Structures are given as C-alpha cells and as structure tokens.
Amino acid sequence: MTQATSPKGGPNKTGPDKTGSAKAGRKSKSRRPKLEGAQLRIGKQRVPLFSGAMHYWRVPRHSWRAGLKEIRELGLPIVETYIPWSVHETSPGVFDFGQRSPRKDVAAFLDLAADVGLFVFARPGPHINAEMTYFGIPERIVYDPDCQARSPRQNPVVLGFPPRMFPVPSHASATYQQEVRQWYDAVAPIVTPRVWPKGPIVLMQVDNEACHFFRNGPYDQDYHPDAVRQYQRFLRTRHRDLERLSEIYPDRYGSWADVQPPPRFEARRASDLPPHLDWAQFQEHMTTRAVRDLRKEMEGSGMTGTPLLHNVPLGDAGLPVSVPALDRAVDLVGFDYYHPAREHRTIKRRTLYLAGTVETVYAPELGIGAPPWFTPLSHADSLYCAMAALAFGMRGFNLYMAVDRDRWYGAPINNSGRPRAHAIAWKRLIAALRDTRFETLHRRAEVALVFPRPYARLARATHLLGPVSPSSLEAFGRSPVDACREDSFEFDGPVQVRWWDMLATFADALTRASIPYVYVDSEARASRFEGYRVVVAPTYEFVSAKLWDRLQKLSQSGTHVVHGPCVPHLDESMQVTEFDSLDRAHHVHDVHSPEAVDALVSTWVSELNLLSPFRARPSVVETAIHSDKRGPAVLFAMNPGQKYVEASIELPEPMHLYDPMSDHVFTGEREAVIPLAPRTVRMLRCEARGKRPRKRPSSRRRQREGAARNEPADAEENTSS
Amino acid sequence: MISGDLRFEGFDAASWGNLLSLFSPGMANRGRRDMDATDFPSVNTDDGAEAKSSGTLVVVVDASGSPLAALHTERGRISGFADRHAASTPNTPPSNGSSGRSSRKPSLRPPAADSSADARPDDRAGQFSPGDLADLCRRYRAGRCIVLREGAAEELMERVSLRLVRGEDYAAQWLTMWRVYRELLQGGHIQIWPSTLTALPIPTSATLERSLDLILPDGRAAVVALFDRGRLWTAAALRRRHGHFDFVAGPDLIAHWTGPLGGDWRRDYRIVSDAVARAVAPVHAGVYSDVSTVRALLREPDPGRWARAVAVRDLIVHPTPPYAAVALGADAVRGVGQATARVLGGVNLLAALNPVTHYVRGRISEIASVTETLGFNPLSALASVVGKDSDGEFFDKDADRP
Numbered sequence: 001m002t003q004a005t006s007p008k009g010g011p012n013k014t015g016p017d018k019t020g021s022a023k024a025g026r027k028s029k030s031r032r033p034k035l036e037g038a039q040l041r042i043g044k045q046r047v048p049l050f051s052g053a054m055h056y057w058r059v060p061r062h063s064w065r066a067g068l069k070e071i072r073e074l075g076l077p078i079v080e081t082y083i084p085w086s087v088h089e090t091s092p093g094v095f096d097f098g099q100r101s102p103r104k105d106v107a108a109f110l111d112l113a114a115d116v117g118l119f120v121f122a123r124p125g126p127h128i129n130a131e132m133t134y135f136g137i138p139e140r141i142v143y144d145p146d147c148q149a150r151s152p153r154q155n156p157v158v159l160g161f162p163p164r165m166f167p168v169p170s171h172a173s174a175t176y177q178q179e180v181r182q183w184y185d186a187v188a189p190i191v192t193p194r195v196w197p198k199g200p201i202v203l204m205q206v207d208n209e210a211c212h213f214f215r216n217g218p219y220d221q222d223y224h225p226d227a228v229r230q231y232q233r234f235l236r237t238r239h240r241d242l243e244r245l246s247e248i249y250p251d252r253y254g255s256w257a258d259v260q261p262p263p264r265f266e267a268r269r270a271s272d273l274p275p276h277l278d279w280a281q282f283q284e285h286m287t288t289r290a291v292r293d294l295r296k297e298m299e300g301s302g303m304t305g306t307p308l309l310h311n312v313p314l315g316d317a318g319l320p321v322s323v324p325a326l327d328r329a330v331d332l333v334g335f336d337y338y339h340p341a342r343e344h345r346t347i348k349r350r351t352l353y354l355a356g357t358v359e360t361v362y363a364p365e366l367g368i369g370a371p372p373w374f375t376p377l378s379h380a381d382s383l384y385c386a387m388a389a390l391a392f393g394m395r396g397f398n399l400y401m402a403v404d405r406d407r408w409y410g411a412p413i414n415n416s417g418r419p420r421a422h423a424i425a426w427k428r429l430i431a432a433l434r435d436t437r438f439e440t441l442h443r444r445a446e447v448a449l450v451f452p453r454p455y456a457r458l459a460r461a462t463h464l465l466g467p468v469s470p471s472s473l474e475a476f477g478r479s480p481v482d483a484c485r486e487d488s489f490e491f492d493g494p495v496q497v498r499w500w501d502m503l504a505t506f507a508d509a510l511t512r513a514s515i516p517y518v519y520v521d522s523e524a525r526a527s528r529f530e531g532y533r534v535v536v537a538p539t540y541e542f543v544s545a546k547l548w549d550r551l552q553k554l555s556q557s558g559t560h561v562v563h564g565p566c567v568p569h570l571d572e573s574m575q576v577t578e579f580d581s582l583d584r585a586h587h588v589h590d591v592h593s594p595e596a597v598d599a600l601v602s603t604w605v606s607e608l609n610l611l612s613p614f615r616a617r618p619s620v621v622e623t624a625i626h627s628d629k630r631g632p633a634v635l636f637a638m639n640p641g642q643k644y645v646e647a648s649i650e651l652p653e654p655m656h657l658y659d660p661m662s663d664h665v666f667t668g669e670r671e672a673v674i675p676l677a678p679r680t681v682r683m684l685r686c687e688a689r690g691k692r693p694r695k696r697p698s699s700r701r702r703q704r705e706g707a708a709r710n711e712p713a714d715a716e717e718n719t720s721s
Numbered sequence: 001m002i003s004g005d006l007r008f009e010g011f012d013a014a015s016w017g018n019l020l021s022l023f024s025p026g027m028a029n030r031g032r033r034d035m036d037a038t039d040f041p042s043v044n045t046d047d048g049a050e051a052k053s054s055g056t057l058v059v060v061v062d063a064s065g066s067p068l069a070a071l072h073t074e075r076g077r078i079s080g081f082a083d084r085h086a087a088s089t090p091n092t093p094p095s096n097g098s099s100g101r102s103s104r105k106p107s108l109r110p111p112a113a114d115s116s117a118d119a120r121p122d123d124r125a126g127q128f129s130p131g132d133l134a135d136l137c138r139r140y141r142a143g144r145c146i147v148l149r150e151g152a153a154e155e156l157m158e159r160v161s162l163r164l165v166r167g168e169d170y171a172a173q174w175l176t177m178w179r180v181y182r183e184l185l186q187g188g189h190i191q192i193w194p195s196t197l198t199a200l201p202i203p204t205s206a207t208l209e210r211s212l213d214l215i216l217p218d219g220r221a222a223v224v225a226l227f228d229r230g231r232l233w234t235a236a237a238l239r240r241r242h243g244h245f246d247f248v249a250g251p252d253l254i255a256h257w258t259g260p261l262g263g264d265w266r267r268d269y270r271i272v273s274d275a276v277a278r279a280v281a282p283v284h285a286g287v288y289s290d291v292s293t294v295r296a297l298l299r300e301p302d303p304g305r306w307a308r309a310v311a312v313r314d315l316i317v318h319p320t321p322p323y324a325a326v327a328l329g330a331d332a333v334r335g336v337g338q339a340t341a342r343v344l345g346g347v348n349l350l351a352a353l354n355p356v357t358h359y360v361r362g363r364i365s366e367i368a369s370v371t372e373t374l375g376f377n378p379l380s381a382l383a384s385v386v387g388k389d390s391d392g393e394f395f396d397k398d399a400d401r402p
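Order-wise, the sequence lines are chains S and L. Mind the numbering: the first sequence is residues 1 to 721 in this note's numbering, read in order. Mind the numbering: the second sequence is residues 1 to 402 in this note's numbering, read in order.
I should point out that these hints are in silico values taken from the structure, not numbers from a laboratory. One should not assume that every hint holds.
The calculated label-pair distances, taken between Cβ atoms and stated as ranges, are [claimed, not checked]: (1) S:Ala-677 to L:Arg-138: 36 to 42 Å; (2) L:Gly-80 to S:Gln-260: 57 to 63 Å; (3) L:Asp-34 to S:Arg-437: 33 to 39 Å; (4) L:Asp-5 to S:His-442: 45 to 51 Å; (5) L:Gly-80 to S:Ser-627: 43 to 49 Å.
Remember, it's a predicted structure, so these values are computed and weren't measured experimentally. Ideal placement from N, C-alpha and C gives every residue a C-beta, glycine not left out.
Given only the sequences and the hints, what does the whole structure look like? Please build it.
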C-alpha cells in the first residue's frame, strides 16, 4: 500500500496571519474544538457554524488559493470538503494523495486553507454522494457481492442515480466495514496531523446522508445475512424473551435465528402489525448503528479530536432515520436543504422539526445551486430557502457549494475562484448574520407539536410504492403518507395517514393565528419537551408507553397537554394496555377539522395568552422574531406567495427595522409597512425607537457593494405608523 | 451514451435555468408553481372542471384489482379512493380492517376474470379498461394515469438488478429498465393511460449508438449558444468521446475560452465555435441565435419558420450536419409550399413535394449535401421568396401581389 502522506510531509505552519481567525486561534491555548450551542469554541475563539464547500479535486490546483480567499471574502470562517475514497484509491489498497495527481493533494489543500486563514470541516466518507459516480465509493466495492445490500430475494439493491445505476453497499456488511477501515487507515495520516490545534480541521463528518443510499422503501433492504443477524439481535434486545415475541408475532419461533424479516407488508389486523413496525424501527436502528460503527472506525484510525457531524437528506419524515437516535450517535445532526421557494412549507416544517428535536438547527448542506438532475433552483430559490430556514431557527450552515465544480451549477464562486454576480447577496446575508451574532439569538415558541415516530413507522411500513419511497415522495414535494394503503387494521381509520393530517391541521391553525411552534420528535430527549406552554400529541388506538408517560409528566408539571383523537388502549406491540388517564390533559376528538382546531387555538390565545408577536397582514405573510437578552433583535418577514404585497406588521413598541440586505429602513409606532416582492424574505434588524439604527456597514463597504449592484449607497427610509 | 466520468460544469443558476426554460420548460417551471395550500393537500374532485388536467394519477391495486390507495403527483393524496372505487366482486379477498370498507360502491373496473388472492403474477386479472382510466383522469384532472399492482415497483427493481451488467453505460441500463417495464406492462402488473409509447420498439444499445453516431460522431462536439443583446444568455458545448457523452460545458467555461466577445453574435459565433474546437473537440454542429428568435420559433412552429430564420441569418447553423440540413430543407420545402399555395390561389405544392421529402428522410444517413440531393439549395430558394420588414418580421414577398 502506498503510504498516505502529504508530499510536504505535514501540515503547513507558515504564512502570515492576516485574518485573525484560523491562525489566531491556533496561537491560543491548545484545546479541542467544542460545540457550544450554535458556536464552535476553538481555543479562545467562538466561531459561528458558517462554512462553504469547495471540492479540491474538482478545482484546478492553480485556482485553489483564489477559491479559498473568496470563501473568506464571503464572510465564512470555515471551508468544507469531502475527501473522496474513489478519487484517492487508484487500485485496491493503493492511494494517490497528490503524489501523482496534483489535484489530489488533499494535504496541500488543507494547509493552504490554513494559510488563507480558514478552518476546515473535513468529510472523509466513505459515502459522500457529491454527484459522483458510485457516490465516491470505489467501483470494486459496489460490485463486491459481499459488500452489497440485498433485496428480499437476495438480489443486489440497485440505485438509479446518473451517470450510472449501481448496487448500493450494505452498512451491515462486515466486508464493507473492513474495506472502510482500510480507507480510514489510509486517509487518517493526512487528516489526523491537521486536526486542531496542529492544523485547521475543526469539524469532521462521519459518512453522508445515511439512509440506505436512497433505496429506502420499507421492504427494499437490507436482507444481507449480516443485516439479518443485526435484526435478530435488535429483536432480542427489544423483546428480550422469545416466548413473548411469539405471543406478539403471528408465528412461533424455536430460536432467535428463526425470526426472519418480513419481505413484504402482509398485515390485515392490528395484531399483525408488530413485525412490520419492528422492521421499520430496525431500519432506523441500522442507520444509527452504521453511523455509530463508522464513528468508532474513524476514532480507531486516529481521526478524532473535533465535533463529529452527520447530515440527513431531503425527505426526512419518510426516512428510515431516527433523528433523536442519530443525535445521540454524533455531536450534531442536521438537515440538507435544496428547496425552491414554492416549498416554503417544507422548509418551515423541516426547520421547526430540528428546532424542537435537537439543540442546534444546522444545515450541513444548504444548497446554493444544485446538481443538473435535481429540480432546477434559481439564485432566488436558494436565497429564499436559506433565509426562510434562518427565519424558522437555523443557526448554522454549510453553503453547498460555495465554489463551483463538476456536476453542479449555481455556486457563488466559479471554478476559477472568481465571485459571480450573485455572490454579493450571500456576502451581505452572512455579514448581517455576523453583525447580529445570529447564532446566539433564539426564536421563542410556546407550542410544541409531537412528531409521533411510531405512527411514522406505520406509514413507512404501509407505503405502497416500494422503491419510490416515502422520503422520495417528500423530497419531490409530496407528503410521506401520500402512498400509504388506506386499510384501517381494525382501528377507527387509517392511522398511518391521519397523524400527518392532524399535524398539518394544527400547523395550519397555528400559522393562521401567528403563534410560533415547533415539532418535537416523540423519541427526543426529555429535555426537548420542556419549556412549552402547550404540547399537542396525536394519539390513536396505540401509543408508545414512553410517550404516554412523558405526556403524563408534562401535564402534571402544568403544561397544557392536548391529545387526541383517541385514548389509546394498545401499546406499540399491539398488546392491550391500561394507560393511566392523563388527568390534567385535554382530550380532543375532532383533531382533523380545520374549523374545530382553529377554535381550539383561539381558546389558547384567549385563555393562555399565547404569544403571537409581530403579526402580519395579509395572511400570506409570515413573520419570525429572534431575540437576545434585550428583546427582539431580528425580524424576518416572508412572502411565499406569487404576488407583491405590502405587509403590515404589528410592532410591540415604536421601532426602526433595518434591512441589511437592501439598506432600507422602515419605521413604525405600532405598525410597520414592509414591501415584499413575490417569494422573498426580508431580514430586518430591530432597533427600539429613540436609538440610532443599527451600526451600518462602513461607507466604503456600502459604496463598494452598492456599486457592484448599481445602487446608491445611501439608505432609503420609509416611515409608517 | 453517458460516460461514467461525465463532466458537467460552467453554468450558473441563471444560464442553466435559461437553457432548461427553452428545451425543458416543464422542468424549469416546476419551481414556479403555487405552493400547496396546506401541509397535507388532498385532491378534491369537486374543484370544478375549469382546473387544468396535469400530472399523473397513480393508483395501486391488489392482486384482484381492488384499489389500495391513489395519489396525484401534483395535488396530493386522494383520500378515500379505495372506498370510492373498491370492487364488489364476491371473489375479492376480505379487506384489511374491513370496518372502513363496509359500504363499498361499485368499482369502475369490469369484474375480474380471475381475482383470486393467489393469482399468478403474470395474469391479467383485475385490469382496468382504457375507458376506466380515461374516466379516472378526467375525474381527478390528471394528464395520465398509471395503475400499479401492489409490488410492481419492487418487482421492477428486482428484475433490473438481476440483469444489470457491470460496465454498462447509463443508456444501456435504462434500456434494460425499459424492457423490464414492458414485461410488467405485458404481464398486467402495470397499466398506463394514455399508452402512447407502449407500441414503440425498444432499441438495442447498438442501434442507439449508431443513431448517435449520425447525430454527433465520436470525437466531435456540438454547440448551442444563445445571445441576448450581444451577450451570452446561455450556451452548452457537448462532447462525445469513446462512444459516450463525456463533457457538457456551460457559458462560464465557453466565455473563459473565448475571452471578451464583440457584442455582435452574427460575428461572435465563429469565435465561440473556434474556441470550443480548440478547448473541447472539432465542432460537428452548432446553433447560434438571439434568444428572442429561438423563443419565437419554439412558440410558433409554422412551416418554414426555422428555414426562414436560417435563410435570413436570424439563426446560424454552423457547421450544418446532414441531418440538420435535411430537417431545414424539409422545413424550407414546407414553407415554400405554403407560400406558393397563396400565390397559386390555394394550390398546395407541399403535397406534391411530399415524395421528395420522404426520399430525403429515407436517405438521411447517406446525405452529404442537401443541395446535391435535391438538385437545388432550398434555403437560397426560400431566401429569394421571403424577406423581412423594417420591424424584423418575416413576410412573403409575393403575398400581396394581385
């Protein structure tokens, strides 16, 4: 095996410190980078989680410095890059890290990043996607039958992504894991010496979008023998007693090894459901376990010492992925965002889910542009998506891609390292976020909607389109329950569909009432349920005992718990269970009627005095307020509609609203009128009246940026009362 | 057809969007649709007939043909579909959790020939008639309807995975998938309406390759560059090498290769063509125009318009590969036919020229020169017949003659 070392033999420690970031921190006391809320503590510095992606092997070597400098010019302190296995492995076990191809000199790239003053977020895979053929995994691996995931008939599981369909690997395969170990061992000598404080690497990611490689229909995979053994161990841990399993399952078993995963959906009654619900839960478990195992492998090879991240792709509500479980397996889990503005609701739902379920809302891939085979995204779409996600609580992001590359369009910096025209908008946005210290603000929500994971599992199990999975439907703008069978399984109706309907009905009602809310996954840490005044939980005939217990505690502690439409009498294994009644909770039958839910929400407003800050008219406009200790700091006003509107926004006190993207200032006593072009978001800095508007950018900067946009540098002031 | 090492680069969001808006407007417009009214939109059949039919209605049925669920790809889930269209045949297996299925209405489908639960996978039991599917499309305002027997999508992927061969390119892989799809269609696992492509013979990889040889020979490039007020509005250079398309370059790269352009696209096209030849491969076919011309041509496919645009250099095809010349020649012939019909008091010469156009089409692979084949240059002939008025609009020189 070729020794994996840098041609330079180690990290670059030379170069002037012009920036005061990467190198300034390195001079300080040596400490491991650590996440503190939405900030990264590096030595004595606190750095926001703002980064931009650049793929060194896809950019001409002579453009590396220019590209990195432009990332810094955008205002980003961190550059992110994958380290692709298939690019560096030239033949089995032989690696080129720049010895032959200069573009593959990842060590030089990392050192150059440090030299330019950037920290690095490194993602060594093994799976990277990145629109690469075979997703960055060597061809020999994907065509090794021992490494391949298996279908119920033991066939390979083929993914249809361009430019080649290929059989996807099995995360459970011991052979695949062994191969990954060798890759990590090869790349670790490049990465490890460059981990902070010796080098610029301050974040790492394990694997990428672990979700069974997008072939995640409920009965698509994985029936690999190693996966089946994992399944049997999972059942053993979950049910403990084979006798009990035989009572719950339709069949009787002599040993755990006799229990085989269901190859298709066959349930007709509630009592037939447990094997399918277990299988759906196992698929989540398998994903988490794969990430956890790969983390151990990374650490075993020496790639440690930074927070470890993982990203979840589009279609999260239909994925075999448990975000709470992943959140326990890595230090930070986030969602990827590639949405056109018309998917405002999806952007909102996904962001509010993260806001409720994990501590920090982070986007490991916040799309600027897209691959050519995705739904086309304009610059305005990308900007809308980013700003709407920020509005609903995103605190950190990785702009993907910051520098253009093969199989991509729309990055703000081109392949030669020159900024494109629209880079200025991103620059202004990032400057505004840094000026407001946006990562330290918070968006207050008093209502939590519980995302009921067991019902989501039933939805996955009853999905009828196989490989066109629930998450694919969701990723293409539909809901993950759209293709569920309609059977009621002796329940009052199709639970697998109704839970989604109920959440949508409440979300719509809360939006109409301008009441901020979040979604909390039913399996999130207990602390994630605290601090809300109202918690709404869908409960049908069966419920997770753990959730019921949680609701009980919440109601006893004074939280206004609302559940319905049923009082459950079955546990997750469809065993009759006598649940203690939730004495102080409110059982609501009619949870699917918009009128009834509107009425319910209005009682919360009148009786519980729920906050509905900065209400806006017309109703198409949504607002979101982010505060610091002193009060409202940043207001977002969103117009997801297709028509220009002049939004009237109620103000709690006389204030100036400064738009740092356009330099407009709006002033109002009790109301401000904000013009909003179709499908745009304004980020407005709030300043109480009587004080000067926020510190403006330097006149030189404004002139420079104004000239670039052909606009006057002076701010325009609009006053309304 | 598509290389595993395909390079696609040099587009920003605007230039890529511009390219799609011309050649794949449906895809480009997907993001411009209104957002859904709720987080869980469902199809309301009472929305009124004025709503346009679009998207696909997907219905999943069980082995006996009884619907299990349906969704509209643009409008959402169709709640209660199974109940509304459930079969009432005595052989239908009992429904799951029958509490919600007690009051079934008659099915849209005719009684199944064999609707037993253990029906063989390839039988045609429980098929909808084309009329049923058309009715469903009308009712749910869908442009097409696809009916999948439960498990059909899984079956498709199982069969495909067995037949994929390592090293096959993407086109060959899709042909394999198309063949499997056709098998499932013939076996009754899938029904589609309207069935426009079901009779089309599936080409082999070799046939496909031969056709591509004609369109873009190996080692050559094709270019399209559209200008707006003298600036590149969008452009793409496509290269074929070792039998595969391996490089798609966008306007950023092309501008990098050309350096600054003069601002007159009728001159600049040669610079673009030469630059692509230097940086990518010798150019086999190139199309250059102002974007407004191309928009108008795509909007109004009148006979002869393309040929007229070429004749008056509103569209430059350079070099002109034989197939493009033939297409333009045929278009010119149609245009001449229509123009002379007016002059000759309604006598349509186009019909008389049909044998010539058939002959030309039949010899497409042998044609080196349209002029040589036809014995006259159709574009010159057209140019002598048509001209442009001061507003740049086409007119027939002879149209107003008494």
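Structure-based check of each hint:
1. S:Ala-677 to L:Arg-138: 36 to 42 Å: holds, 38 Å
2. L:Gly-80 to S:Gln-260: 57 to 63 Å: The hinted range 57 to 63 Å is violated for Gly-80 of chain L and Gln-260 of chain S, with Cβ atoms some 35 Å apart.
3. L:Asp-34 to S:Arg-437: 33 to 39 Å: holds, 36 Å
4. L:Asp-5 to S:His-442: 45 to 51 Å: holds, 47 Å
5. L:Gly-80 to S:Ser-627: 43 to 49 Å: holds, 45 Å
Hint 2 from the list above is the single one not met by this structure.
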